[in-house]
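Build out the structure end to end from the sequences listed, making use of the hints.
Take 208 as the starting number for the sequence shown in this note's numbering and just add one per residue.
Hints were generated in silico from the structure; no laboratory data involved. Keep in mind that the hints are not guaranteed to be accurate.
As the list claims (entries may be wrong) - Listed next, with one range per pair, are the computed distances between beta-carbon atoms:
1) Gly341 with Leu401: 43 to 51 Å
2) Ser337 with Ser258: 41 to 49 Å
3) Ala273 with Ala427: 27 to 35 Å
4) Ile359 with Lys296: 42 to 50 Å
Stated by the list, open to error - Cross-link-like lysine to any residue pairs, in silico, SDA-like; alpha carbons within 20 Å at most:
5) Lys296 with Leu283
6) Lys455 with Glu384
7) Lys455 with Glu519
8) Lys296 with Val405
9) Lys412 with Lys296
10) Lys296 with Pro259
11) Lys412 with Asp318
12) Lys296 with Asp318
13) Lys296 with Asp344
14) Lys412 with Asp344
Note that the structure is a prediction, hence the values are computed from the model and not measured. Glycine included, every Cβ here is placed at the ideal spot set by N, Cα and C.
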Amino acid sequence: MPLTQAAEGQILSGFNNLQIDAPLTELVAFATTTLNLNASQAANIFPETASPADDGRWVQLDRLAALLIARRKEILEKEGRVPNSVICKEADPIFGRPVYNVGGLASYLTDNNEPVEFVDRIRQHDAVRSYLAGMGDGFKLESLAAVILQRIYAHCFATRRAFDQGIDCVSNHAILEVHSWCCGDDLLRNLGRLGERVHIVASCKANEGNTAQGIPATIAPAHVRELIGGWLIQRSDAGMWNRKAGVKLLSPLQLLLATTYRLSDASMSLCRELGVAVWSIPHLIYLLCTHAPQAVFPTASGAAIFSEAEMEVWIATAEADRAAVA
208 MPLTQAAEGQ
218 ILSGFNNLQI
228 DAPLTELVAF
238 ATTTLNLNAS
248 QAANIFPETA
258 SPADDGRWVQ
268 LDRLAALLIA
278 RRKEILEKEG
288 RVPNSVICKE
298 ADPIFGRPVY
308 NVGGLASYLT
318 DNNEPVEFVD
328 RIRQHDAVRS
338 YLAGMGDGFK
348 LESLAAVILQ
358 RIYAHCFATR
368 RAFDQGIDCV
378 SNHAILEVHS
388 WCCGDDLLRN
398 LGRLGERVHI
408 VASCKANEGN
418 TAQGIPATIA
428 PAHVRELIGG
438 WLIQRSDAGM
448 WNRKAGVKLL
458 SPLQLLLATT
468 YRLSDASMSL
478 CRELGVAVWS
488 IPHLIYLLCT
498 HAPQAVFPTA
508 SGAAIFSEAE
518 MEVWIATAEA
528 DRAAVA
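As structure tokens, this is what we get:
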């Protein structure tokens, strides 16, 4: 018996309303409970683990899973939010057929042995998202990208606010290190290391017309192409930051776009084809929950909270490191 459109809508609504700490459960059990089905009714709709591969009920289960997956994708990419609910798939160890599980994001992360501190922080994703989505100041977004990169890599600075050729922060880290005794003629008393480095060249674009709860506007492919032109300049003698950051003509270069806009399918496709990394709002939420100092997520009543005031203090530290072209 096929699921009606109304029944699918009811399951989708239940999925949307899952709490972040809801335990993981099999999709069949979740749907059965949500629709208030008895065992006989559920058996008419959903397959059993031992059902043959050509059983039409498998198609229906896959369709239902695809519906929930599509909803998560819509929340992430169109709304710029982190969903509280997850759907994941694993293979049955005996029959090898897919088993879908649904539940809360915090439960999923805990089951995958993510640090307790990170899981506590991710529970604040709505508050972090409101802060990011309401950030209409492009300079502040530049500083945010810089302080995140500074927590990940040892060398990073935000650029001067004007005449920066579209480059808002620059970072680099070693991709190969060797001891100096085998490649340098001027040795220090203490053993040193030399290495090749990959350069991260970042541009930021804040959605100045967005509101904290609004759906982000899209950034056009033409704007992405303009940013890419600015990035490519850095490989030439005309690039200001090739001298400041040591970017050479053939240096490994990772292009990064940090934005509170959302990318259209065409813009995202362009970025993927050209190897541009994108930090959208959900990415930034993850990075903040992973790398922000403890002060940004203080503990109150035994749980982490998000402090916008401390966030402002942390971002401001990038201003002291803002570099001007010599």
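Here's how the hints hold up against the structure:
1. Gly341 with Leu401: 43 to 51 Å: Between glycine 341 and leucine 401, where Cβ atoms are some 45 Å apart, the hint holds.
2. Ser337 with Ser258: 41 to 49 Å: The hinted range 41 to 49 Å holds for serine 337 and serine 258, with Cβ atoms some 45 Å apart.
3. Ala273 with Ala427: 27 to 35 Å: holds, 30 Å
4. Ile359 with Lys296: 42 to 50 Å: Hint violated: Cβ distance 31 Å, outside 42 to 50 Å.
5. Lys296 with Leu283: Holds, at roughly 19 Å.
6. Lys455 with Glu384: With Cα atoms ~18 Å apart, lysine 455 and glutamate 384 stay inside 20 Å; holds.
7. Lys455 with Glu519: Violated, at about 35 Å.
8. Lys296 with Val405: violated, 36 Å
9. Lys412 with Lys296: violated, 35 Å
10. Lys296 with Pro259: holds, 19 Å
11. Lys412 with Asp318: Violated, at about 35 Å.
12. Lys296 with Asp318: At roughly 14 Å apart (the allowed maximum being 20 Å), aspartate 318 and lysine 296 satisfy the hint.
13. Lys296 with Asp344: violated, 40 Å
14. Lys412 with Asp344: holds, 9 Å
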